[in-house]
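Chains as they are written, first to last, in this note's numbering: chain A, 5 to 256; chain B, 22 to 212.
Careful: at least some of the hints might be erroneous.
To be verified - Taking lysine-lysine pairs in the BS3-like style, the calculated list, with each CA pair at most 30 Å apart, reads:
| no. | chain 1 | residue 1 | chain 2 | residue 2 |
| --- | --- | --- | --- | --- |
| 1 | B | Lys156 | B | Lys110 |
| 2 | A | Lys250 | B | Lys110 |
| 3 | B | Lys199 | B | Lys65 |
| 4 | A | Lys73 | B | Lys199 |
| 5 | B | Lys199 | A | Lys250 |
| 6 | B | Lys156 | B | Lys199 |
| 7 | B | Lys110 | B | Lys199 |
| 8 | B | Lys65 | B | Lys110 |
| 9 | B | Lys156 | A | Lys73 |
| 10 | B | Lys156 | B | Lys65 |
| 11 | B | Lys65 | A | Lys73 |
To be verified - Chain A is faced by these chain B residues, among others (derived, beta-carbon under 8 Å):
| no. | residue |
| --- | --- |
| 12 | Ala40 |
| 13 | Ala52 |
| 14 | Gln73 |
| 15 | Phe77 |
| 16 | Leu83 |
| 17 | Asn102 |
| 18 | Ser175 |
| 19 | Ile176 |
| 20 | Ala184 |
Stated by the list, open to error - Examples of chain B residues lying across from chain A (beta carbon under 8 Å, computed):
| no. | residue |
| --- | --- |
| 21 | Arg30 |
| 22 | Trp31 |
| 23 | Val72 |
| 24 | Tyr80 |
| 25 | Arg109 |
| 26 | Ala152 |
| 27 | Ile161 |
| 28 | Phe195 |
Note that these hints are calculated values from the structure, not bench results. Note that the Cβ used here is the ideal one computed from N, Cα and C, for glycine as well.
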Amino acid sequence: MNPIRDEDLVLYHYRDGLDAAALAGIAAALDASAELRARYASIEQTLARVDALPEPEPDRDFNARLWRKLEPRLQPRAVAQRTPWLERVQAWLSPPRLAFAGAACALALAVGIGFYAGRHSAPEAPVVASADAAAARVLDAYVAAHLRATEGVLMTASNSDSTTLLDSNRELAASLVESNRLYALAAARAGNTQLADFLRQLEPILISLANQPASPSIEPTQGLRDYLRSTDLLFQVRATEARLDKPAPRKT
Amino acid sequence: MRMANDEARWVARAGAGDAAAFRHLVDAHSAALFRVCARITGDKALAEDAVQEAFFNAYRHLREFDGRSAFSTWLHRIAVNAALGEMRKRNRVEAALPEDDDATDVLASALEGPPGPERQAQSAEFGRDIATQLKRMSAIERTAFVLRHHEGQSIEEISTTLALSESASKQAIFRAVKKLRGVLEPDGVQA
Numbered sequence: 005m006n007p008i009r010d011e012d013l014v015l016y017h018y019r020d021g022l023d024a025a026a027l028a029g030i031a032a033a034l035d036a037s038a039e040l041r042a043r044y045a046s047i048e049q050t051l052a053r054v055d056a057l058p059e060p061e062p063d064r065d066f067n068a069r070l071w072r073k074l075e076p077r078l079q080p081r082a083v084a085q086r087t088p089w090l091e092r093v094q095a096w097l098s099p100p101r102l103a104f105a106g107a108a109c110a111l112a113l114a115v116g117i118g119f120y121a122g123r124h125s126a127p128e129a130p131v132v133a134s135a136d137a138a139a140a141r142v143l144d145a146y147v148a149a150h151l152r153a154t155e156g157v158l159m160t161a162s163n164s165d166s167t168t169l170l171d172s173n174r175e176l177a178a179s180l181v182e183s184n185r186l187y188a189l190a191a192a193r194a195g196n197t198q199l200a201d202f203l204r205q206l207e208p209i210l211i212s213l214a215n216q217p218a219s220p221s222i223e224p225t226q227g228l229r230d231y232l233r234s235t236d237l238l239f240q241v242r243a244t245e246a247r248l249d250k251p252a253p254r255k256t
Numbered sequence: 022m023r024m025a026n027d028e029a030r031w032v033a034r035a036g037a038g039d040a041a042a043f044r045h046l047v048d049a050h051s052a053a054l055f056r057v058c059a060r061i062t063g064d065k066a067l068a069e070d071a072v073q074e075a076f077f078n079a080y081r082h083l084r085e086f087d088g089r090s091a092f093s094t095w096l097h098r099i100a101v102n103a104a105l106g107e108m109r110k111r112n113r114v115e116a117a118l119p120e121d122d123d124a125t126d127v128l129a130s131a132l133e134g135p136p137g138p139e140r141q142a143q144s145a146e147f148g149r150d151i152a153t154q155l156k157r158m159s160a161i162e163r164t165a166f167v168l169r170h171h172e173g174q175s176i177e178e179i180s181t182t183l184a185l186s187e188s189a190s191k192q193a194i195f196r197a198v199k200k201l202r203g204v205l206e207p208d209g210v211q212a
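Isolated chain B (complex conformation) (with noise of 0.2 Å):
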């Protein structure tokens, strides 16, 4: 409760104009929101720009936060849509990478380590072609995907967030999960 009043006071200052407070607030919340748009947009210079671009707007908007959800909810919707804003400037949004593209993205290239034993490396393998699957899906399966599995966002705030139907933002996460299951068992997943 403390915490949530700490917090509310230092967005009524930034709210004010004062840069020091928004400072404040910056340090706090750019680690997680660079990583929901590093999952979203699978591209650390892209997040990164997309975090800046959330700021810059959360600070436009401060005086329209009403504080009945809490800033960091309010926070990483901005996030969201400014990933996908970046996304779209770059005309990713529905492109999904081909069959053959040997990308490496920000999760894959992460899970490079030096060489282990069997077992660590057979895991590893599975992490990266989890990370290239999650990077082949559409913006908004992903999208979708990240907001419940990672942000553990209801499906109706994600239809909120993502301008979706529920029964759209349901099939985007079905999809996704599908996608994600034909890694380990690429003929067994239900149609």
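With the rest of the complex left out, here is chain A (with noise of 0.2 Å):
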């Protein structure tokens, strides 16, 4: 082995991904040179470094919060079935529901004041041309992070083969054929059918990626990669994402 490379001495340090030959290798060649051993005197100085970095520690009320957060997520559904009305209202208004709820509201609003503002654009232009600019944004605003979820989901479906991963991506797939349904008939009603469309063109991807099986073979995974490679979805998606995201107010 010559010559030793900064990354060999990194492996050798955790003693991991060199055989039995290589690690004599280097501790005969540490032995020889000083100057390879002051190359290792670095590197190790500088994980003793992260060493002596403070351990993040949670506070004193972490698992008093985290069981309160936990333990409604884990009634079994026969229990559920009883729980009183008080509990069910509890359980609805659970962060990622009240997120929906929240998106959903503004999503309203946004399409709401673009309403108003269509309704009456001729006597009020100046006031309504900003309440429309102001929908439009909030739209965008929403739209864009719902497409760098999907372009997220779409590179993990693609390129991941890890189970638990595709699990979770799976999940989050489901998730988010309802925004995207929203979202399209949102920007339908505004006037922007271009990215209604697109974003109708993305409902069967998602709804494929959410009906996946859990424990995809090969063949879906490459199907899916190849569909990705053969088409620039992936490209439109960034390249709206990046168009939604410009800060340059719209001409509408």
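Take the two lone chains and join them into the complex the hints point to.
Pasting the structure below:
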């Protein structure tokens, strides 16, 4: 093993990823070379600095807080059926649902402002233009965030072979189907037919990802990879996302 | 051995739907899971969400735990994926911080204490630089490094956890170490 690279010294430090002969070769070279020993000492010093960092510790209430959030999610179905109405309301107000409800309300507000602006465009042009632009910006921000999440789902589905990752990816895709439909509808109502058409084009892909088998065989994953390679879908998602993220005021 | 047997009993009871048994497992492992998630995400709030997701996923799949690995190993693997999942939700997986970012993370902020002698100050400065450098890494680099350095996982295990080839896992660790060395010797790191 000559020359010995820093990468080899990192593996030597961890005694990992090198066979016995390579380990012995590096040990002998370290004995023989002061320059190599200095390089190795520098790596060890760096890693010692990392060890000297304080460990991130949870605060004192962490366990109680964790259990408070976790316990309602662990209720077996049989118990859930008998849950009093107050607990059901509390469960409905859990953060993911609140987030979705918040997004839906914001979207409804944006569409409402747009609708109002459209109805009253002639006599109050400057105010209407401003309200219309604000509505469009709200919609753009939500759709851009939605497309970022969609891009992540597509990337994971096409690049990862981890069953656990694919499981959570499937759930994420399922959660995106409904919002994708909502955003397509909002875009169509706001008169942005190009965006609405693009979002409708995404729906079958999200549905198919949401319904992938729990332990996907190689074929469906490869099929998706081939599909993404043969189309410019990912590029379109990124391009649309970038366009919506642009801070410049829209001309509508 | 006794501890492992005790834990196996708690796991079996939790798997049968005993919430108190599951709470015992949560209390026993939450701090360790928080540490690994905080190191991966560099953010306490994200780490907390990740720990919650990890325990929820573990509870749902408890019956699939076959005992071939230690329960803590199984749990940590779920937590790593949960941490990456939380970062993905917030689009932080491949986003490294820009070079001029002055963000403080959970590790850097932990270093901030009352001013001391010069040596301590210099040491704290190195620590802050290292913590910032850790935050600037891509999530894959940081996760691979955390798993190798702090969690003691082998490159083979890291490859399985991150669904990467062994070569890609090694490269991620090398890049992480190289970036950290840049803090101590800005001009002296071998290319």
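Hint check:
1. B:Lys156 to B:Lys110: Between lysine 156 of chain B and lysine 110 of chain B the Cα gap is close to 18 Å, so the pair holds against 30 Å.
2. A:Lys250 to B:Lys110: holds, 21 Å
3. B:Lys199 to B:Lys65: holds, 26 Å
4. A:Lys73 to B:Lys199: Cα-Cα ~40 Å, so violated.
5. B:Lys199 to A:Lys250: violated, 35 Å
6. B:Lys156 to B:Lys199: holds, 14 Å
7. B:Lys110 to B:Lys199: The given pair, whose Cα atoms are some 28 Å apart, holds under the 30 Å limit.
8. B:Lys65 to B:Lys110: holds, 16 Å
9. B:Lys156 to A:Lys73: Given that 30 Å is the threshold and the Cα spacing comes to 28 Å, the pair holds.
10. B:Lys156 to B:Lys65: holds, 13 Å
11. B:Lys65 to A:Lys73: holds, 16 Å
12. Ala40: OK, holds: alanine 40 of chain B within 8 Å of chain A, min 6 Å.
13. Ala52: holds, 6 Å
14. Gln73: holds, 5 Å
15. Phe77: holds, 5 Å
16. Leu83: violated, 10 Å
17. Asn102: Since the shortest Cβ distance to chain A is 5 Å, the answer is holds.
18. Ser175: holds, 5 Å
19. Ile176: Result: holds, 5 Å to nearest chain A Cβ.
20. Ala184: Hint on alanine 184 of chain B: holds, closest Cβ of chain A at ~4 Å, below 8 Å.
21. Arg30: violated, 19 Å
22. Trp31: It is violated, given that the least Cβ distance between tryptophan 31 of chain B and chain A is near 15 Å, above 8 Å.
23. Val72: With a minimum Cβ separation of about 6 Å from chain A (threshold 8 Å), the hint on valine 72 of chain B holds.
24. Tyr80: holds, 6 Å
25. Arg109: holds, 5 Å
26. Ala152: Holds, because the Cβ-Cβ distance from alanine 152 of chain B to chain A comes to roughly 6 Å (cut-off 8 Å).
27. Ile161: violated, 11 Å
28. Phe195: Holds - the Cβ of phenylalanine 195 of chain B comes within 8 Å of chain A, reaching about 5 Å at its closest.
Figure legend: structure checked against the earlier numbered hints; hints not met, in rising order: 4, 5, 16, 21, 22 and 27.
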